[in-house]
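Participant: From just these sequences and the hints, can you work out the full model?
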Amino acid sequence: MRAHQRPSLADATRGRILFGGDHNPEQWPEETWHEDVRLMKEAAVNSVTLGVFSWAKLEPRPGAREFGWLDRLMDLMHDHGVGVVLATPTSSPSPWMGRLHPETLPRDAEGRTEWWGSRQHFSHSSAVYRRYAAAITDDLAARYAGHPALTMWHINNEYCTYDYGDEAAAAFRRWLQDRYQTLDALNHAWGTAFWGQGYDRWSEILPPRHAHYMKNPTQVLDFRRFTSDMLLECFVAERDIVRRHTPHIPVTSNFMPLWAGQDAWRWAREEDVVSVDLYPDPRDPLGAQYGALVQDMTRSQAAGGPWMLMEQAAGAVNWRGVNHPRPRGLNRLWSLQAVARGADAVCYFQWRQSRQGAEKFHSAMVGHAGERGRTFQEVRQLGAELAVIGPEVAGTRITADVAVLHDWNSWWAGEHDGRLSQEVDYPEVLRAWHRALWEAHLTTDFAHPEQDLSAYRLVVAPQPYLLTDAAIDNLLAHVRDGGTLVCGFLAGVADEDDRVRPGGMDARLRELFGIRTLHEWWPLDAGESAECDGFRGTLWSEELEAEDDAVVEAGYKGGELDGLPAVLRRGTAWYLSTLPEPDALRALLTGVADRAGLRPVLEGLPDGVEAVRRGALLFLLNHRPDAVTVEVPGRHRDLLTGDLVTGSVLLERHGAVVLQP
Amino acid sequence: MRAHQRPSLADATRGRILFGGDHNPEQWPEETWHEDVRLMKEAAVNSVTLGVFSWAKLEPRPGAREFGWLDRLMDLMHDHGVGVVLATPTSSPSPWMGRLHPETLPRDAEGRTEWWGSRQHFSHSSAVYRRYAAAITDDLAARYAGHPALTMWHINNEYCTYDYGDEAAAAFRRWLQDRYQTLDALNHAWGTAFWGQGYDRWSEILPPRHAHYMKNPTQVLDFRRFTSDMLLECFVAERDIVRRHTPHIPVTSNFMPLWAGQDAWRWAREEDVVSVDLYPDPRDPLGAQYGALVQDMTRSQAAGGPWMLMEQAAGAVNWRGVNHPRPRGLNRLWSLQAVARGADAVCYFQWRQSRQGAEKFHSAMVGHAGERGRTFQEVRQLGAELAVIGPEVAGTRITADVAVLHDWNSWWAGEHDGRLSQEVDYPEVLRAWHRALWEAHLTTDFAHPEQDLSAYRLVVAPQPYLLTDAAIDNLLAHVRDGGTLVCGFLAGVADEDDRVRPGGMDARLRELFGIRTLHEWWPLDAGESAECDGFRGTLWSEELEAEDDAVVEAGYKGGELDGLPAVLRRGTAWYLSTLPEPDALRALLTGVADRAGLRPVLEGLPDGVEAVRRGALLFLLNHRPDAVTVEVPGRHRDLLTGDLVTGSVLLERHGAVVLQP
Amino acid sequence: MRAHQRPSLADATRGRILFGGDHNPEQWPEETWHEDVRLMKEAAVNSVTLGVFSWAKLEPRPGAREFGWLDRLMDLMHDHGVGVVLATPTSSPSPWMGRLHPETLPRDAEGRTEWWGSRQHFSHSSAVYRRYAAAITDDLAARYAGHPALTMWHINNEYCTYDYGDEAAAAFRRWLQDRYQTLDALNHAWGTAFWGQGYDRWSEILPPRHAHYMKNPTQVLDFRRFTSDMLLECFVAERDIVRRHTPHIPVTSNFMPLWAGQDAWRWAREEDVVSVDLYPDPRDPLGAQYGALVQDMTRSQAAGGPWMLMEQAAGAVNWRGVNHPRPRGLNRLWSLQAVARGADAVCYFQWRQSRQGAEKFHSAMVGHAGERGRTFQEVRQLGAELAVIGPEVAGTRITADVAVLHDWNSWWAGEHDGRLSQEVDYPEVLRAWHRALWEAHLTTDFAHPEQDLSAYRLVVAPQPYLLTDAAIDNLLAHVRDGGTLVCGFLAGVADEDDRVRPGGMDARLRELFGIRTLHEWWPLDAGESAECDGFRGTLWSEELEAEDDAVVEAGYKGGELDGLPAVLRRGTAWYLSTLPEPDALRALLTGVADRAGLRPVLEGLPDGVEAVRRGALLFLLNHRPDAVTVEVPGRHRDLLTGDLVTGSVLLERHGAVVLQP
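Chains as they are written, first to last, in UniProt numbering: chain A, 1 to 661; chain B, 1 to 661; chain C, 1 to 661.
Quick caveat, the hints were computed from the structure, so don't treat them as lab data. Here the structure is a predicted model, which is why all the values come from computation and not from measurement. Just so you know, nobody snuck in bad clues.
Selected chain C positions facing chain B (in silico; Cβ < 8 Å):
{"no.": "1", "residue": "Glu204"}
{"no.": "2", "residue": "Pro208"}
{"no.": "3", "residue": "His212"}
{"no.": "4", "residue": "Asp417"}
{"no.": "5", "residue": "Leu518"}
{"no.": "6", "residue": "Glu543"}
Don't be surprised by glycine CBs; every beta carbon is placed ideally from N, CA and C.
Facilitator: Okay, here's the thing in structure tokens:
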């Protein structure tokens, strides 16, 4: 099949925003199904995801097939105008599989088996698992290929397993043979001369299992790459099966947000629809910023195109230490934020709250309180509004002048056992940089370090610890071509094999930023800060010697690094050897953006108010704890109320307006 | 044997308070034995427990029997007027059992074997273990059935093991078959439709072993029920053996206090004597209240009758992070508290402090300092006093108008992986409510939610998360019959299978309390509190909509729940959607009790002074850090000094008086 | 071979200080080797350690031998005047060993295998491992016995493994049979009568594996002794092999500092050279004191003779939570401190920083920044200075009048599961006492409790929890002979089998200190302190009753222990029942030393300035955060500058001077 023939999210949305969620009616008596469709209609639900975790229901014993209940459900949904995202049930094998084939159960690094009785107890490398998964997928796809309710395929669910067992070890060796061809190449890549780890036969290689002391970092890195790739193989295998049956139906699998287990850049290329699950903590004062980050990242993985919010919670989740519900208005606010940032589908886990099982306290669109509950009342209002917004935004795009570099390889490699600071957490650093841009009201994309950056006047690289030669060339070209680059500490330290580059930082990058010698890294203790000119740095500092023609934009003040560069610049290439505190990083990036000719979405926005333009619409979202009036030059129409907005608009607490020109 | 023929604690006490403790003379040369009996006489010790952990001594190799040393000990005790509580040694199998029969060793959820070299390394489900345990029990009982020193049987010790291994898995399946009869019933009860856990054959069912993510809550709940029942089977098997030999001798096994592993309501029914081990931390400012709770609970399990304090520490224990001794007077104070609250036996672990082994720093009646040590000197004084008190109290009862509901099923079910708040700890909530009543000087019983509550004018239910239909009927009847009910949050949420009841709370209970809709649970963060009218709530809050005729006794103030009911009342049924801070809960329950016509044991008692009436005696116990004078209307005789008490009495720090009318 | 024929460190130093470090050129292309020797010459490096972790390089498959690369390296070093400390590579078996002989892999107490892929994955008890280790050692020694570069043998590296597996269990039984001869003796020593652990056959005995509850303390103690002895057997086996080939070459293995795994008193007797790895945290305000402690201890293990600093870090390590580099001057300061306290070798891990592997962020003499880096520049300066100092100090000794008692048995036994306080940490207590003496400017040795103490006027015993009868006799004799003894709490509690001595403290010691009765131990909570006359005690307190003729030097004030002795003295025997806060302990020991006629190294030294006399030299080391002037009576020559010093000398921050008379 040729790429241009591939279906996309637009094939499912058809000019609407999808609204709905995971639906597990097999947990309920059939009379409840009819209650469900009545309430779906009330809430303008137009999409449900069926069949996630239904393997035991579909194949209660090896080879059996029980599709009747699903037939009835598909028909019911179709009869009531609700499209179905149909899931392959392969995320949780039936109990019989573990009993008959214990080798399908994963083992962790400590050698512990992961038993059934929960979910996702499958080894990605198990031939038996894959064979059974292919069979049920094939039969499912065959059966429903022509069903009119079918709008999308959802493969598996939140791929996130690993396996350190023997079958995975064999698969790991095959993967390594593909990657390195020879043992010499592997020994070189892994630096096995250190600690006497030289391999003489492929059969000697293991996953990085429990060990006496620190593990080989490149072995661990490759095992993470391998794990992501094995899971992707599982996805592709099922995708290809359903695609054979329904080439016109788009396929997705839901990512978890900012999740270490999958290299989503690689995955997204294999998907027709990029979807994500997003669960900000309602109590997190930066919850909205975190949501924006995930949304920006997901949109970027979807090549800027619309994406699908596959799961969010209408109220509380149940996996935090303390799980808070969404207060009045917040569900609407965060849902509209997703639409503003490119979502063409706003869905939930789940439609109806389970009365049993491990997630019975995880909220749903219809909670335990039922239709009288506040949560459902707000869901109903949101459904009505999305029905209004849908035709105006579906399929439209967002323009960003700023890109944030992100690569799983940097994350993975930076987390090795023997790093200099356990306080440095890659996702936290990423959040800090994105937050600064978000608070500066600059709309941002995420980008892979090797991708074309010509669309961006400003590129920021919070922590590109590992950079391939191609990525370095790419960054150099960006600056050479007039772009601005702002780079955080621990940049270009390692090559693709996590081999430290001579000098502790790639020589071309040192030259780019004007660093003569990187003498020593000076990580900071938890809670410690480093005084700099005009701000305080956190997490990290460095003993840098600048080239004569580089500009020390800010130096360290006092201490061992007194006078050395905290912020160094050569032309439009900036290097930050520390992480400025939030306000300082925001001010710094605002200034850099300003030099680069970038302006915020709207001038004079109060803190905590988010503005995003999507297509012709302007979304204004109030994340402050109070109501606020926002100046909006010109005349707009409030899309949801029809009111005319001239000069300013009042946003209530948790309020949001969508303005049309 | 018919119930009315059963022996009881009275058969052992015969009008005295038993005083003594665990005795392990096999650790000592026989010359020490004679020193022991001399000191026992000095301290008025009249009871020792022999044979706990003596299996290797009695059966050093499979089938061997070495009773000679025990014969000599039994005779020695009898010769010196000390009765013997004889233990079956089955708590710690001999090393040979693990070596010859490794399947008798338990496995934990992670798959780790629990090896010998400590204690309690037996699988409750092991047929081999049970066979050996029965054989040694039978021979022991046969040998000492007629010995005049024998006063009681002590089966095993602190039953607390679990097993996730294969033999336990088989036993679990049998237990489930008994409970559910059919797989359909089990699948329904466990809600296996969630996450595709449907079982097709009994052989697919496992204990809730280590898994990828959250476990099935009902599977976990049933495994806890099963574990308690398996241990109870072990107990009953041994009990029946000794009972065959000595139908006239009472049988017990010692509970651990507020311990999750055994459903003590079920267990107590099988015992002739209910006994408990009690180790409050001498540094815990609420240690006395904790002791009172355990004593009230144990007495209630003994159907209000006298119970046995099987173990306490004369000084420090050795299993806390830091282990503090009992300061001067505290051992006497806490021992008299136990008597006040129904104990007819005050015993210790142990008589003589071990010089070796894991507990050599656990205190004893005779410590390392020997008879000159302060601890023994105080033990001697206590022994003399108990000899005076004994004839006045032995066999008498305590009257309580208040009952605190408690059920292991609520505790177990509420602890599932996917709960809304890890901050909510069932025993802590129970302690908070009992503390409020204790500080209000109200004597309380504990009660099972399904038991007859007609004796109580006030019933409080701190956290009845799981309630059967029968329990709900019982509570409704209590209120209907004029009783007062005060219920804490998370009440009636789940049915017997931990299935959430529609509406998030049983509809009959909602009606009882006047709750129209329970919109959302709002758990509070650690350290967070919720402002209410007149107090602050902790741990939890709720978004409740009251019925029109319900009375909002206190509302939330400010925040998302402003004005919603924190304390709601309909008639004599009260519902607290938060946990008020200690003083507020005390004030609230004092007020409710007052409305219900209940008065404190003594009016005008200072804080920290505990008053309990047992039989005709009034115990006054000073838990304050200083001396205090207590008003006592009327004339009393101080039982221990013979002094006349008119109007008031001075209680020293750690002081206690026992007053007769 | 007779002892007086044994080679020593002097055979390697030949009047110099060894300067250099671990060198792993097999990680680098051969062109780097030539760069290395050029830089070594610049830095006056005269010694490198080769071959640690090179097993896979030397024996890439079973029985293979590849010595060519090492031949070239040995020659290269010799050609450039660099001596070689040649290591046996047995610390990390090649991957093939684990694959072919999985029984060589250790198992931890939880039953987890320690896989290869890190380092030190060998079971000390494995016959297969030992056979392969002997074979490679033999061939290595045969090949390089006559090589002119060879100056010393380094056996293995940081012996620190353990094994709870089956082969180790068998070895443990053999070790126990040697120790106890009969099972009766073992049962007595272990106190197996407690908790029914009596052994009937040797085959029933296991390592102290994962168990239900606390383990038998003496079993654990013996397992620690066994583990240290098994590792020592491994060392001795390799030592004997190399000694056969090169009787004239000294042999060492590097200790880790204050490390629980090896009884270094026993080990040191088997070594020709005592060496240690020392990594104080540059951020630790007590880092210098910690260094001094390790240096004093190592020197004492070397019977006062010179010792070898085998490893230190020129900058950061990479195994702490946050790893800080050494600021300018600190590397020199701490290196000179080692020389002052007896080191005749100042070496590093490692010469050149690795670009790959788990320790690529661990610093080296030549860091990632290369020769331009500050670190290498400072290394070069240090090398030049050591070349000046070497001839003046090599082989000279240090005199101390104070000894600090230390014994691994006390450490091990005191750590048992059932101790009274988890807050009491043996090494921390040792550090506190040594710190007090260090701050008092008293030079101290460490001593084993059973060794001849006649050289010391003052002996302090921070925490001699376990004392053999011989050790007690030794302490009594020390006092009887006019010596002063100051003893910390938990003294003489246990005998060699960790059996509590009657009275909770040995009766002879109680008499020595004037303790009539030790009623109760009163451990203090974390952060709690006990008011005493003139100071506050921490960690611990005791309810002691003094003999009439003992002097209460300080009593507890207030609380339960009011007036009881905190510091008790009878003659020159002092007992501290608490740990005074640092200033108080320093003042107390200063006073005691003064009474004993001891004076500081130099009068009037400012805090934070360390003075040590070695041979004829006076080292002055500034550990303060600022510069300071030190009064030095008389006339000296500054050895490094040649300046005359009269009356006083200025020490810069991190400054050090070496003065000659």
